[in-house]
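Number of protein chains: 2
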Amino acid sequence: MAQAAEPASGTRDFLADDVRRRERAFTTVREVFERYGFDPLVTPAFERLDVLTGKYGDEGDKLIFKILRRGEHEASGEADLALRYDLTVPLARVVATYGNRLPTPYKRYALGSVWRADRPGRGRFREFTQCDVDTVGSTSPLADAEILWAIHDALEALGIEQFRFEINSRQALFGLLDAYGVPADLGGRVLITLDKLDKLDPDAVSAELVERGLATATASALVADLASDDPDRVRKQLDGTEQGRAGLAEVDRLVELTAGLPAGRVAFTPRMVRGLDYYTGPIFEVSATGYPGSIASGGRYDGLVAALGGPDVPACGGSIGIERILASQQPSETEARGLDVAITVLGAEADLTALAAALRSAGLRVGVYLGSSGKLAKQLKWANDQRARFAVLYGRDEQADGAVTIRDMHSGDQERIAFTQAAAYLAARVRGD
Amino acid sequence: MAQAAEPASGTRDFLADDVRRRERAFTTVREVFERYGFDPLVTPAFERLDVLTGKYGDEGDKLIFKILRRGEHEASGEADLALRYDLTVPLARVVATYGNRLPTPYKRYALGSVWRADRPGRGRFREFTQCDVDTVGSTSPLADAEILWAIHDALEALGIEQFRFEINSRQALFGLLDAYGVPADLGGRVLITLDKLDKLDPDAVSAELVERGLATATASALVADLASDDPDRVRKQLDGTEQGRAGLAEVDRLVELTAGLPAGRVAFTPRMVRGLDYYTGPIFEVSATGYPGSIASGGRYDGLVAALGGPDVPACGGSIGIERILASQQPSETEARGLDVAITVLGAEADLTALAAALRSAGLRVGVYLGSSGKLAKQLKWANDQRARFAVLYGRDEQADGAVTIRDMHSGDQERIAFTQAAAYLAARVRGD
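First to last, the protein sequences are chains A and B.
Heads up, the first sequence is in the numbering used here, so the first residue is 1 and it goes up one at a time.
Heads up, the second sequence is in the numbering used here, so the first residue is 1 and it goes up one at a time.
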């Protein structure tokens, strides 16, 4: 049974404390997105298979969980449905489904599970939560800036203290290639290598560029400028090409429209590439002290909705790496939730049921002993296991006196209160009056 | 594209207002269950196929969505995973997985999607939300009563006004068969027919009983007593058999322990059978004025966790028909959420971004115009579409004066405020100061 009882490979059960911690984080993010006027969207766990296939490349397609046809078609072994692989394709499908019945622009956030048949590993799951915020139908730089603001506020609300948006622009990147005379056919591969500058040392990156076919002098100049951490060196180069200037203008506009954020939170980072090639405008990644890799990212992707089966509309958005953040944060004491009041049972169940009801009406979290032991010590052990703040004792003595004994489970102090006063007294104690 | 863009058959997209309405109901229920000391449990969307098969009968098994093996095994057309069909089998699996690492008793609630390959129809979906509350590991009647209390409070909190728990006991039902001399081999079928007394008229039920092989006199007496709505007639009969007395004792104990609920909320209903044959003790169904069928149900099912692959532990629980309730309730005006403040954009974007940030810090929901029109009328139409309470206008005049115009979108009234006062003023207006 042991093995049979495990959750499926790569999936997790979330017991009470985990659920509360995760839900608290999710609620925090939702509240921020709501303040920005983003609307929630919930789509089904599965889509028709053809909605998903061909959207994630060959490698991605292999990781899609496919669902067998039902009924008489089951024996065919064919699939007609698939679990969603991300939240972006469902967004594109919704934009196609509802068209102009959606607000324009359509600003939505989505927080939900996605499923990928990846090889499970440390921190890599087959079911995990994504957290996306996107604006579909606006070309305004205010829309790009708003994504950064919203993600910024969400990260702050999640308790992340030191973090920075590294921003760049796809146009600036193409301008960069142009300015340094990188042959067009090498462009993509050069960018992929340059993206490693945050992990590898400059010489290694240079060497890889040369290996990929770039002239040694070009490679060295490019890497020296990008690795210098002085964006002005790159800026000068970009100023020399039309696309470079257009990219710089995008970056500068984004900096201007996020100037209200705390100092140092946004930095032009010319070497930041973002792996995904569907971006068409400004792009960003967030790195934070104490967290591995990037904890949020995004950008403008004007052609993507159409490529994913939706109408041809501009769009920009971002995603918070909520699983990565949750994995790096220590659970805090306050997230574990015990009982406010544990009611022991030594007879007179109807009285205690009424007391429990009164306490719950006052908003308290109340448990009644449901075990089979008539021994108070065993019941108090249960109260302790339940992390109860107070326990109610109502034995024969108390019943005869019309009183209850209230035990402070932290100090062990006990006091006797009239039964009729017990609810008000406990509610006040729990509230800390 | 139209057809291609639909969500998969039997599934639904939830846009903003629907998400908010559903989430509000879910939160309401969760808060009530938390007050009773139930803990949340979230399990994966899919389980290993063998965890689910054979648990729902032949008909149920056919409705399980199966997931194809991945990788090299995909071509086999075999499934190794399946989407969860209910929340009870995952609970049994969790009890098996974690054993004594769970609290004793284990009181949990779960609110989540389940998937069934049913033929989609009016109110019948392939993806829908279930809402369960269960106590595993207690034989105490207080545990049974607590389920009723918790569901009662949840239904009240959901705004349901007139509803009634019809309670009965499996033991009482078997005592009933005994008391009326129903042959043992007819028992199951007789109960199934008697369950129809809330839909069919007594003569039709009598006729069906006779058709199923019951003597005419027995059928008539049984139906007359059960249909009389005078439980004392049945009570007298039950008093004549041992099992009947045991059943009555269970029912009476449950009535005693729910005596604190509003009058008329709990009624012994001898004809109430509950279709599912895994119940072993008290059972209940909730009917409500204005809602079709039953909106909640449950009971004690001591053998079920073991039968579903878990350890042999007693259990009781209930389920709220949250989809049915949501379908019967009209969306209220207050659930639609518009913007508190819509900021129009006629230049000076950085100023407006700062104003938006100040308003959001005050907790307001703020949208900034992201469209391409420079015409105020068009921007005000957008503000109106966003159901904005107020709009901010900041044209050349205002910019020159260091002021903003604030438009009350309900009345159309406009007033001019110093730019530096705008955030405080709007926050106060929205709060209704």
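Hint data in this document are derived by calculation from the structure and do not stem from the laboratory.
Careful: at least some of the hints might be erroneous.
Beta-carbon label-pair distances, calculated as ranges [unchecked claim]:
#1 B:D312 / A:N384: 25 to 33 Å
#2 B:A75 / A:I192: 27 to 35 Å
#3 A:G293 / B:K375: 30 to 38 Å
#4 B:D203 / A:S9: 55 to 63 Å
Covered by chain B, per the in silico footprint, the following chain A stretches (three or more residues, Cβ under 8 Å) [to be verified]:
#5 11–17
#6 67–75
#7 92–100
#8 103–115
#9 218–226
#10 318–328
Calculated Cβ distances over 12 Å to all of chain B for the following chain A residues [stated by the list, open to error]:
#11 S138
#12 D153
#13 L197
#14 P231
#15 D232
#16 T289
#17 G303
#18 R365
#19 Q399
#20 I406
Computed from a predicted structure; not experimentally measured.
Backbone N, C-alpha and C fix where the C-beta goes; we use that ideal spot for every residue, glycine too.
- request: List in ascending order the numbers of the hints, as given earlier, that are violated by the structure.
  value: 3, 9, 10, 11, 12 and 18
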